[in-house]
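Here the protein sequences come in this chain order: V and Z. Each residue of the first sequence is one higher than the last, beginning at 0 in numbering that gives the first Met the number 0. Each residue of the second sequence is one higher than the last, beginning at 0 in numbering that gives the first Met the number 0.
Derived from the structure by calculation, the hints contain no laboratory data. Among the hints, a few may not be true.
Claimed, not checked - DEER-style ranges, computed between Cβ atoms: (1) V/Asp-118 to Z/Gln-83: 44 to 52 Å; (2) Z/Met-147 to V/Ile-132: 38 to 46 Å; (3) Z/Ala-104 to V/Glu-176: 38 to 46 Å.
What the hints assert, rightly or not - Capping the alpha-carbon separation at 20 Å, the derived lysine to aspartate or glutamate pairs in EDC-like fashion look like this: (4) Z/Lys-264 to V/Glu-386; (5) V/Lys-229 to Z/Asp-177; (6) V/Lys-416 to Z/Asp-76; (7) Z/Lys-264 to V/Asp-407; (8) V/Lys-310 to V/Asp-68; (9) V/Lys-109 to Z/Glu-62; (10) V/Lys-415 to V/Asp-209; (11) V/Lys-180 to Z/Glu-168; (12) V/Lys-395 to Z/Asp-177; (13) Z/Lys-86 to V/Glu-386; (14) V/Lys-162 to V/Glu-176; (15) V/Lys-185 to Z/Glu-168.
To be verified - These stretches of chain V come out as covered by chain Z in the derived footprint (C-beta under 8 Å, 3 or more residues): (16) 189 to 196; (17) 241 to 247; (18) 276 to 282; (19) 389 to 396.
Built from N, CA and C at the ideal position, the CB exists for glycine as well.
Residues per chain, in single letters:
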Amino acid sequence: MSAMSSNWDRRSVLRAAAGLAALGPLAACGSNNGRSGGGSSGKSIKQYFHAYGEAGVEDALKRYAKGYDKAAVNTQWITSADYESKLFSALLTDNAPDVFEFHPQIQLIKSGQVADLSDIIDPVKSDFNPADIASHTVDGKIYGVRMIDDPQFFFYRKSVLEKAKIQPPTTLDELMEAAAKLTTGKVKGLFIGNDLHAVINPLIWSSGADTLDAKNQIAYHTEGVKEGIKKMRQLFTSGHLLLDAPTDYWDPSAIVQGLTPIQFCGMWAMPVMQKALGDDLGIFPFPKVTDSGKQSVVNGGWSMFVNAKGKNADLAKEYVKWLWIDQKKYQEDFALSYGFHIPPRASIAASATKLKTGLPAEGVKLFNDFGHFDNIGWTQAMITALEDVFANCVRKNGDPEAELSKADTTVNRELKKLFG
Amino acid sequence: MSTTTTRGVARPASAQASPARPRRGLRGSSTFNFWLFTSPFLIGLTVFVYVPIGWSLWLSFFEARFTVTPSKFVGFDNYWQMLQDSKFTGSLVTFTVFAAFIVPATWALSLGLALLVNRLRFMKAFFRSVFFLPTACSYVAAALVWKMSMFSGVRFGLMNTILGWFGVENIAWLANPDPPWYWLVIVTLRLWLQAGFYMILFLAALQNIPPELYEAAAIDGAKPGWQTFRHITLPQLRATSTAVILLLVIAAYQAFDEFFNLLAKTTWGRPPLVELYYTALGESQDYGEGSAGAVILTLLILIVTLVQGKFLGFGRGDDK
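With the rest of the complex left out, here is chain V (with noise of 0.2 Å):
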């Protein structure tokens, strides 16, 4: 009988744990649903994000949302470090965002995934930077709003490179000298990510070479281009770089820390690296890879459009037309209080101080002067194809040339489908 009673026992404690764990899900269920935060109305919109690095803008974005009265806003932090993925996957199904934010990407638009936000946008058109107008416009109609243009080069600490007696590279060459000569035994000499993609686009338009023309023909597979990725491997193997860091390169961490004196990284970062180095920061191009290429800098952002497929489009454009054209101080906030942005809009542009003196300054002169904007027309699968050739080249020991052909041909299958 012992025996018995301390079965009953054992079993009453796993069933309890078993009550317990069944209302786990049920508490989660209420708190989450979409429905909470105000909104009078009883209609709500799913806004879906990448996970911003700095700090508070999450907080910030939902302060936003709560502003909005015509309709509950449910925000979407998407962690994961394939936001492309989870938000394609998500957009087929019932649960899809009303309104995202992503990078202007042709596919979206042939298969009337966005919706035309022509008129929203027309009034306001000539206050937007007419390069990122382009970027987001296709058969004359313009389908997101640009919330936030995003530079990205190098920044480097200016007593380390004084110190070693080395000036800014200006090629691709003196960045590799520079990188051999900062690499000690403690710090490596140089960082641009983990898995180098970051640099692929400006390694193109270093070598004087694009991704696609103006005919939205292939113009990457070049000779300049094939002498970059050789170069990079080299680089790569030379025990120069420092790679498999904690944080990725859009993280400011490796150079805060003193893993490297130079980093690749972008304009978001530098309030935490002006924090953390004060002056002993500068920023420079990336270099140029051969004799006929031109330094370069990659103009990222992000943009926000309205799902077409959405049982809200009208709302949601609503909503996207009150935060991102008419709620000027959010924008500004957006783009200034958490990291550094430049605001495509000229006239909040003007009044952004924070970028008119000091680095940011040069920070802003890069971007005008060497900048290239998204392409419209070069899509996730156009890159993916390209971040293969990476991996299989600089990574591994692969053969440019081949590597190029075979992304020809996914990247020429992806425009027949696009273009015709």
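Got chain V sorted already, so can you dock chain Z onto it with the hints?
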């Protein structure tokens, strides 16, 4: 009361007891009870397992890009595509290499741990728990610990610190596939996570070996140690070993989390499930080809399991 006694004691007792039970009314209600208790599970199984399997089989014959309700029938085109796709066939090779490492290694390590713990006189329960605990950790969490602190490429990563004491250069464990150090990261991670669980299985089996066998062996002159282990312990563990190996192979086929988290944006080190994830849920969202790949994988697992069953005799019941 009768139920509690028959359960533990012996089978004949229940055989005698059952005809004596009253039959009236039970038949109807037991059927009802059967459905009452099994239906929640069956409904879940149908909705979440059988319907998706059937749906995926159906999808595999259609051109299903960006949709799960396709209309263009393409026959075996998707299968043909997948079999020609060097990434998919490469992933099968990756898996084979991985399984060839991880199955014997986990088997040996968990058996070794079980033997050690079994011999302990003090704190047996403590060590049993300590070795079992990692099983409770999620692969994703462990992968992040492995990536960011143990095998990080910076000088203060745990492994690089240790190597630094011997004057070895920092190693980029994951970024550089040449030499393929990433296998070390993946194999050690999985060993740490799953060895404890299989150790418990072996421990149970070890405790089931009758001590008389060891006594008899000792009287016959068998030396304790390797001889006893080789001729008594190992044969007695045959059934458990077979089960453990089968479970390990299945677990290896299901490998996803640590590969996905440790080797993002690579073209190497992708087992089949990761490859299929990128095919079906990546930017191309090709559910047709993804499903075809899943069916091919299922067939492979089926064949391997049948062949393994034939050689190792799992499931025949007789394990003596």
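Which hints from the list above does the structure break, by number from lowest to highest? When the structure is compared with the hints, only number 18 turns out to be violated.
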